[in-house]
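Okay, here's what each chain looks like letter by letter:
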Amino acid sequence: MTAATDNAFVVFDRVQKSYDGETLVVKDLNLDIGRGEFLTMLGPSGSGKTTCLMMLAGFETATHGDILLGGKPINNIPPHKRGIGMVFQNYALFPHMTVAENLAFPLEVRKIGKSEREEKVQRALDMVQMGAFGGRRPAQLSGGQQQRIALARALVFEPELVLMDEPLGALDKQLREHMQFEITRLAHNLGITTVYVTHDQTEALTMSDRVAVFNDGRIQQLAAPDELYEQPQNSFVAQFIGENNTLMGTVKEIKDGVALVVLDDGEVIDAKPVNVSNPGDRTLVSIRPERVEINKDRLSPDAHLVHAEVLEFIYMGDIYRTRLRVAGNEDFVIKTRNAPDQRRLKPGEHIEIGWLPQDCRALDAP
Amino acid sequence: MTMKQLLSATALAALPAGALFAQDLPPCENCADSITAVSWGGAYQTSQIKAYAEPYTALTGTTFTWDESSNEAVAKLRAQSEAGNITWDLVDVEGPDSQRLCDEGLAMEVDHDEILAAGDDGSAPTDDFSDSVINDCFIPQIVFSTTFGYRTDVSAWNGNEPDNLCALFDLETFPGKRSLEKRPKKNIEWALLCDGVAKDELYDVLSTPEGLERALAKLDTIKSETIWWSAGAETPQRLADGEVVMGSTYNGRLFSLIVEQNQPVKMLWDWQVFDFDGWVIPADLPEDRLNRVLHFLHFATDTQRLADQAKYISYGPARASSQPLVSTHADLGIEMAPHMPTNPENQKNYLVNNIEWWADNQDDVEARFQAWLAQ
Amino acid sequence: MSDATSTGPMLAADGTPLKRSLNRALRAQKLRALMLIAPLLVFILVTFIAPITDMLFRSVENQIVSDTLPRTTRALEGWDHNSGELPSEDVFAALTYDLVAAAERKDHTRLGTRLNYETTGMSSIFRKTGRRIDDFGETYMDQFAEATPDLAAPETWVTVMADPGWRADYAAWEAARAAARETGRDFDRPPPLFRLKNGVADILPEAADVYAEFARIAQVENGDNPAEEEPWAPVYLALYRDLMHVGPGAIERLDDASRATLAPAHDAVAGFQSERLADLYLDADKGWGEPAIWSTIQAFSSNYTPGYFLASVDLRQTADGVAMQDEDRRIYIMLFERTLFMSLAIMGACILLGYPIAFLLANLPLRTSNVLLILVLLPFWTSLLVRTSSWKVLLQQQGVINDVLVWIGLVDNANRLVMINNQFGTIVAMTHILLPFMILPLYSVMKTIPPTYVRAAKSLGASNWTAFWRVYFPQSVPGIGAGCILVFILAIGYYITPELVGGTTGTFISNRIAYHISSSLNWGLAAALGSILLAVVLLLYWIYDRIVGIDNVSLG
Amino acid sequence: MSQMDLPPYATPGQRIWHYTFLVICGLIFFFLIAPILVIIPLSFNAEDFFTFTPKMLALDPEGYSLKHYRDFFTNPSWQQALWNSVKIAPAATVIAVTLGTLAAIGLSQDHVPFRRAIMAILISPMIVPLIISAAGMYFFYSRIGLQGTYLGVVLAHAALGIPFVIITVTATLVGFDRSLTRAAASLGANPVTTFFKVQMPLILPGVISGGLFAFITSFDEVVVVLFVGSANQQTLPWQMFTGLREQISPTILAVATILVVISIALLTTVELLRRRSERLRGLSPG
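Protein chains in written order, with my numbering: chain A, 1 to 366; chain B, 1001 to 1375; chain C, 2001 to 2556; chain D, 3001 to 3286.
Don't take every hint at face value.
Said to hold, decoys possible - Subject to a maximum C-alpha distance of 30 Å in a straight line, what follows is the list of computed BS3-like cross-link-like pairs (lysine-lysine):
hint: 1; chain 1: C; residue 1: 2447; chain 2: A; residue 2: 81
hint: 2; chain 1: B; residue 1: 1182; chain 2: B; residue 2: 1199
hint: 3; chain 1: D; residue 1: 3055; chain 2: A; residue 2: 111
hint: 4; chain 1: C; residue 1: 2030; chain 2: D; residue 2: 3055
hint: 5; chain 1: B; residue 1: 1266; chain 2: B; residue 2: 1182
hint: 6; chain 1: C; residue 1: 2128; chain 2: B; residue 2: 1182
hint: 7; chain 1: C; residue 1: 2106; chain 2: A; residue 2: 72
hint: 8; chain 1: A; residue 1: 111; chain 2: A; residue 2: 173
hint: 9; chain 1: C; residue 1: 2286; chain 2: B; residue 2: 1186
hint: 10; chain 1: A; residue 1: 72; chain 2: C; residue 2: 2030
hint: 11; chain 1: A; residue 1: 72; chain 2: A; residue 2: 27
hint: 12; chain 1: B; residue 1: 1223; chain 2: B; residue 2: 1050
hint: 13; chain 1: A; residue 1: 335; chain 2: A; residue 2: 346
hint: 14; chain 1: D; residue 1: 3055; chain 2: B; residue 2: 1177
hint: 15; chain 1: D; residue 1: 3197; chain 2: B; residue 2: 1266
hint: 16; chain 1: C; residue 1: 2019; chain 2: C; residue 2: 2128
hint: 17; chain 1: B; residue 1: 1050; chain 2: B; residue 2: 1177
hint: 18; chain 1: B; residue 1: 1185; chain 2: B; residue 2: 1223
hint: 19; chain 1: C; residue 1: 2019; chain 2: A; residue 2: 27
hint: 20; chain 1: B; residue 1: 1223; chain 2: B; residue 2: 1177
hint: 21; chain 1: B; residue 1: 1223; chain 2: B; residue 2: 1266
hint: 22; chain 1: B; residue 1: 1186; chain 2: C; residue 2: 2106
hint: 23; chain 1: D; residue 1: 3197; chain 2: A; residue 2: 81
hint: 24; chain 1: B; residue 1: 1199; chain 2: C; residue 2: 2030
hint: 25; chain 1: B; residue 1: 1348; chain 2: B; residue 2: 1266
hint: 26; chain 1: C; residue 1: 2030; chain 2: B; residue 2: 1182
hint: 27; chain 1: C; residue 1: 2447; chain 2: C; residue 2: 2458
hint: 28; chain 1: C; residue 1: 2458; chain 2: B; residue 2: 1186
hint: 29; chain 1: A; residue 1: 27; chain 2: C; residue 2: 2030
hint: 30; chain 1: D; residue 1: 3055; chain 2: B; residue 2: 1266
hint: 31; chain 1: B; residue 1: 1199; chain 2: B; residue 2: 1348
hint: 32; chain 1: C; residue 1: 2458; chain 2: B; residue 2: 1185
hint: 33; chain 1: A; residue 1: 173; chain 2: A; residue 2: 114
hint: 34; chain 1: A; residue 1: 81; chain 2: A; residue 2: 111
Honestly, the hints are just simulated from the structure, not real lab data.
Please read these numbers as outputs of a predicted model, since none were measured by experiment.
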């Protein structure tokens, strides 16, 4: 059993969850979250991430296993005694109360005196720059404003742990980016442990200290954002995080940390073996679009070169996005920076592209 | 409320002869202070309230609750007794129902001479009430009769007016809707009388299977023109509204329609059917309630009180000694005697319900009649 | 799903079956939900479901025959109703004992009424016989009194029959009562109930049985001391029959006091002038000569009977099985048919009137339709009796509608239309009353039909009618279904309105049920009719639940 | 744009049909409303008739009078009936609303075993024909000593009102955002506080309109009270029923008018509540 250290403020210990007794939505989950950490649970819908959050908050009961908070198992503690702040997907602001009443609610149930309550409410409102809105009803606020209030309400009673369940899902892109920044700022300033659930990988990468990628009821990879992006441990993570080109093939041999992969159209490439171990394994080779180079002179000499045919060229402002046919794959995408020296490719053009072997990762075949 | 209090106050003040004071009434020991009485509603119940209940309340302070369920008295008493929870103290029923309640042990048997007041001429209650004491449970109040009323302004009759009962079956001369009771009793007797059966042979004929069918066949001739009533107030109402041109009902109801409400309706006394109506006490009453009821009955059935009732409704008191005291209508001041069913003018042709025959055959005839009605 | 292999139930990480650990986790949750529901569920079960079950039970209950005539039903077991012969004297004797007790308890008229539902005439037979039953056995009473004057004294019977222990108890009780009276205390201890002497029932089975019955009735019903009451005549009949059967040795086995009384009687009975019980019965009512009377008693001697249900569908139970009811008494099938017909007519009228209104409401701008909706909801919220009285006022011959028709000259004053106290009145009034129940579900379904479908149909070239009939109408069918079942369920069980405006031809089966409860007192038949009606309604309820879902009922 | 507007390109036939349809609808509305309204003027009749007298038609003030209302307010049996109704209906409503709301909340939870069957039982008082309910209660309540008591009538009426509470509260709970109660719990409120501070205020419109239905069910109920009640429990509908069965006394029309006014008031209340609840619900996201 893990001790209550800063590295394990929240512990999921072999947690399982089933709703119907037939299928597990969370399978043998083990996860430690450190104090002050901003951890994001990322995954497609139905991957079990929200269930984990709900178990932590106490709204679902683990079918098996323990969840520990500050070293103590909380399985038998009802939600309202857990002292965990939570921001809901739809904000869940009480429509019949004003903003200030919403914020005062957690303080009221904690029997905090009136003056202290008002002071804390005001401070929380100021914190989210909503100081003037205390008398309004939630229905009179915009989505972004409601979001701030929800955040302020989850923080106003100074919980050590805050859970956020896709809190920015309903906002438009700009507002979302702004709020991402606000939330991280607040979380770090206040030193609160945050568990954040989202299916938006950009959000996960920009906000988190660590990201747990969920799929099929399991954590596929738990790592810092850069590591997750740069070094996906399996094909799911590689495909789920960021854009990715994939080529199917078979491992021919592994030697000196380099795998020789025969692609399905017969071409042979070098790749970094990540989770292939034996020759003959089917593999999915992944290369990030921005790591593919079309300027041969920018490539190091040991880079691998592959023939490609341009199928489509899309102008996207800051970058060009080009779709190619590579080794039989017609969805091979490359991204090139919009720079004065950058060529605009034309459909039908035949080019050579290349990449570094360490950028090309041989993963398990899904 | 004020209106009524005023009325009852004047009623009390207006009768020095029969006036009673609290000290004249023997005290009631171990008595409940309220009575739940069951009656028929309408003018009849009002006459009981005026003649018995209000004076009694004035003397003793007893409160009355009235339930207009006499129609369903047998059913409700049976259910109450099955449950062992009798909520009624006093039930006003017709003779045959009292027979049934008595037969089934639902009504209490009483000793009339013991519980009732002697007549003011000194006669013993059983002698004074004589024939109206039809069984051991029945405490008679009135003789009433079921008669016919008809509208006097029916243009389709071409100035004819019915002068005998059989006009009921004469749709040629007297077209229009009839109103008859939704029960076989009286209807089948009338049907047979108009089908040529002599009064003395009525129940003999009815005792044969063909007799009942013959009566129903006669009724068939007017079935399509008949609206059936189950409450005594329906016929007067329909006559007043012009819904029907003639119909049977209790003579008192017609009296108030004709005399009190001045409707263009006349009464047909031909072949009126006499019946007794009176009280029964539910069996197994708790002692205090029983004491109160007996105390009230002693008061309410004395010679004066029964005669008083006739001030409000044209039913004949069941006590012989009350007959001479019947005076004038309380509000209208008219002589009541000519409106009594027992007035010799009115009883040239009359029938008396054969209570025994009906007690024996009620279930059969009722079932057949209801089936006939529904078909 | 991939984990759900073929190796049986899924296991959790610690090896327990997943279902079980899931159940453990859910138990608290379920328990909390049930705790919230439980008070109401118990409440409904006690105040509503139990009464209905209890009433339905009456439709098969038939204890009254075997309770009132225990000896007779037992004695009749051996009688063959097909023989065409009357039962034996033993059966008549058993009936005498039963009837005299029943008449004392005043049960016999009720039994007669019960059996009269099955065979007409029984009520009158039981009444008439009940009046005479006290005298049955009087011949023997007189002859015993002559032969052994002792037997005329009530005290003698107690000596012969009563348990000495009981006599002692009774004496003690009387003493206690006297003492209480003296001191003016309340005394409400009931007297000890009569007990038979040991062995007397072996020797004098019938006499002991009837005397014990007599003694108990004297105590319980009348509050008398058996030692002071003269036994019923049938007790002497029983004694006569016993003494005729017992051998001389039997009397010897009795105690001295009894022997002293009974020995002379035993010697005398052989010389008694006897009389056939059957003749007494036939004299009381010649109906007893009909084997049908006896076979009815026999057929209904069991504690449960299908009789009421058979009667509800115009059949009847005879000793030979089920037969059609006499033609002139068949009304229930007709009443059920009429109930169904009128309910369907009301339902049809509701669709015809409700559909256009719902359509209008669903397709008007919200502001206008909300105002018009109030016109639908106002009748819905108005007292049923108010609406019924309105229709009475409107439909009468001298009512508003006839007045208007006469005034505009459509109808001659002398020939005013008859619109009330018949089916027409019921159908019109109930259509008005139930119309909101059709409009509201229809409206809520129609509101969910997006206008784009009809627009799409029109853009594809459909005429207004085609667009409505092929596109809109099919989508509104679920609303029609919901409304129809709701209206039909409510209509089929209606009571108040048909009672007030239906006359004799416009009434429903409900009115007949009420009639049997409060007027004819045939509660068993009322329960059977009610059961059938309830079954129909529950079937429709089930269908409704299937189609609409009972919690989706909209209440405006 | 409403579907009912007539487009400018409509053919004459379509126009005729359009107006015919509106006329038909108008007639049906007339059929719905007229019977209720017609009794209102009649209740002011100065005569004891139920048709419009010539004086009334001539709008002669002498043709009108308040005497039937006076009778209602001074006649002790009507007053007793009114008083009984006023006593019984609220008591039945309180029972129905309390138990019904709790049960509806229980039923709205996940994992309720036998939910469908329980629901069917709880709704059944609305479905079972009243005469059967009344007969059953009559016999059963007699047996347990409840027949002819206020308690018996109140319990019976509560049972009849419960389905309406269940249905309306369940419907409100369907629209109720579960995350609100979760939010309250996460903010530290215990279940009781959560219920009274968050859930109850929000489902209140549903509870109140369920309560109104239960109230009107009891206030308007006649069959069951005829059987379960006795003389002491005569309610307004009972009094109206016996009156109607025997004669249409104009006093009944006065009572009917009063009841129509009450139902209009109730209807307005419900409409206002519905608007309030839509405002609260409709404007909050999700």
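Structure-based check of each hint:
no. : hint              : in the structure
1   : 2447/C <-> 81/A   : 45 Å, violated
2   : 1182/B <-> 1199/B : 23 Å, holds
3   : 3055/D <-> 111/A  : 72 Å, violated
4   : 2030/C <-> 3055/D : 69 Å, violated
5   : 1266/B <-> 1182/B : 22 Å, holds
6   : 2128/C <-> 1182/B : 27 Å, holds
7   : 2106/C <-> 72/A   : 78 Å, violated
8   : 111/A <-> 173/A   : 39 Å, violated
9   : 2286/C <-> 1186/B : 27 Å, holds
10  : 72/A <-> 2030/C   : 26 Å, holds
11  : 72/A <-> 27/A     : 22 Å, holds
12  : 1223/B <-> 1050/B : 39 Å, violated
13  : 335/A <-> 346/A   : 14 Å, holds
14  : 3055/D <-> 1177/B : 29 Å, holds
15  : 3197/D <-> 1266/B : 72 Å, violated
16  : 2019/C <-> 2128/C : 72 Å, violated
17  : 1050/B <-> 1177/B : 35 Å, violated
18  : 1185/B <-> 1223/B : 16 Å, holds
19  : 2019/C <-> 27/A   : 15 Å, holds
20  : 1223/B <-> 1177/B : 10 Å, holds
21  : 1223/B <-> 1266/B : 23 Å, holds
22  : 1186/B <-> 2106/C : 28 Å, holds
23  : 3197/D <-> 81/A   : 17 Å, holds
24  : 1199/B <-> 2030/C : 77 Å, violated
25  : 1348/B <-> 1266/B : 17 Å, holds
26  : 2030/C <-> 1182/B : 57 Å, violated
27  : 2447/C <-> 2458/C : 19 Å, holds
28  : 2458/C <-> 1186/B : 71 Å, violated
29  : 27/A <-> 2030/C   : 24 Å, holds
30  : 3055/D <-> 1266/B : 27 Å, holds
31  : 1199/B <-> 1348/B : 13 Å, holds
32  : 2458/C <-> 1185/B : 69 Å, violated
33  : 173/A <-> 114/A   : 39 Å, violated
34  : 81/A <-> 111/A    : 14 Å, holds
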